[in-house]
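Required output: the full structure, derived from the provided sequences and hints.
Protein chains in written order, with this note's numbering: chain A, 1 to 252; chain B, 1001 to 1082.
Hints listed in this document are in silico derivations from the structure and should not be mistaken for laboratory results. Hints are not guaranteed to be accurate.
[As the list claims (entries may be wrong)] Between beta-carbon pairs, the in silico distance windows are:
hint : chain 1 : residue 1 : chain 2 : residue 2 : range
1    : A       : Val140    : B       : Gly1020   : 26 to 36 Å
2    : A       : Thr129    : B       : Gly1020   : 33 to 43 Å
3    : A       : Leu210    : B       : Val1037   : 53 to 63 Å
4    : A       : Ile213    : B       : Trp1028   : 57 to 67 Å
5    : B       : Phe1005   : A       : Leu12     : 14 to 24 Å
6    : A       : Lys157    : B       : Tyr1023   : 25 to 35 Å
7    : A       : Leu210    : B       : Phe1005   : 45 to 55 Å
8    : B       : Val1037   : A       : Leu160    : 18 to 28 Å
9    : A       : Ile213    : B       : Leu1024   : 45 to 55 Å
Glycine included, each C-beta is placed from N, C-alpha and C at the ideal position.
Residues per chain are reported as follows:
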Amino acid sequence: MAAAEHHAAGPLEQFSIEPLIPLNIGRYDVSFSNSAAFMVLAAVLIALLMTSSVKRGALVPGRLQSIAELLYEFVAGMVRDNAGPEARKFVPFVFTLFMFILLGNLLGMIPYTFTFTSHIIVTFALALTVFVMVTILGIVLHGFHFFSLFVPHGVPKVLLPLLVPIEILSYLTRPISLSIRLFANMMAGHTMMAVFSGFAVSMGVALGWLVGIAPLLLVIALTGFEILVAAIQAYVFAILTCLYLRDAIELH
Amino acid sequence: MGSGFRIGVDVAAALAVGLGIGYLLDVWLGTKPWLLVVFFFLGAGAGILNVYRAVMGMGYQVGFRKSGGNHDKAPPERRDDG
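Shown next, in the form of structure tokens:
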């Protein structure tokens, strides 16, 4: 994040993976990296928030319990509205996904932290989990009939050999676009913030603080905007998961 | 800005998937440039389809038939009883 002032190594420095506990299994480097550390931190924070807030289970919720209940009801409502009532079983899945991405995005907004959602491999793994799960769910629920998803409705038979591959490609696009959307938003936002905070320092040093304050004000505005993007992208990921779930469950 | 970016990503992703599949099939079957070309155009088609669906408000559903007159399969009252 806004680390460009300190190690003036460029705006992409913040994305570098550093092994905290080096570890090799066979030929594979499975070091516990800063990325993994922040994933663990996010998971622990979610678990703490959810368990500590519902432990007391007060009828009139306190602050933490309110947060937990609001988040849960938000996700449960989203799943009900977008994936249909039969998708209620998947509320925990979507909730976990949403919270993990939200915490990953928001933790990255704290200076000196690492944003694990700014790495495509992380977002792609999440998107692939959704994709594989939805596909298996569709096949389990509908059997071979699931593949009628790829046959568009009301199309002349002559065109089917052309349209079915296009539909299949469109289906395979899902994990790619889902992961690129989250990764690109986070990476672009954090790079932009680092670049502008770098401007603030260099312009302030070279042209006086009166000039340097302009990019600083911009960074302040960008910080607010990035917090918004962090929440929106977690929401978009979750809502698209819901739409895919509805596809697999209802199959139109 | 958000929806424009979303739709742009959809086109690029469809093209990338098409090119990737075409290239891998080419390597596998030894038909060097041809499947790449074919899948490039299929990927472009899929990208246009994605854009069409996104713009027409049909969500991201593959083969989604909302406007195809198939409403009776999912009666609207099911949305309320959840």
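Each hint, compared with the structure:
For the pair Val140 of chain A and Gly1020 of chain B, the beta carbons lie near 27 Å from each other, so the given range of 26 to 36 Å is met. At about 20 Å, the beta-carbon gap between Thr129 of chain A and Gly1020 of chain B misses the expected band of 33 to 43 Å. Against the hinted window of 53 to 63 Å, the Cβ-Cβ separation of Leu210 of chain A and Val1037 of chain B comes to about 58 Å, which satisfies the hint. Judged by the Cβ atoms, the range 57 to 67 Å given for Ile213 of chain A and Trp1028 of chain B holds: they are separated by roughly 59 Å.
A C-beta distance of roughly 21 Å is found between Phe1005 of chain B and Leu12 of chain A, which places it inside the suggested range of 14 to 24 Å. Separated by about 30 Å at the C-beta atoms, Lys157 of chain A and Tyr1023 of chain B satisfy the suggested range of 25 to 35 Å. At about 35 Å, the CB distance of Leu210 of chain A to Phe1005 of chain B disagrees with the hint of 45 to 55 Å. The hinted range of 18 to 28 Å is satisfied by Val1037 of chain B and Leu160 of chain A, whose Cβ atoms lie roughly 21 Å apart.
Taking 45 to 55 Å as the suggested C-beta distance range, the pair Ile213 of chain A and Leu1024 of chain B conforms, at roughly 53 Å.
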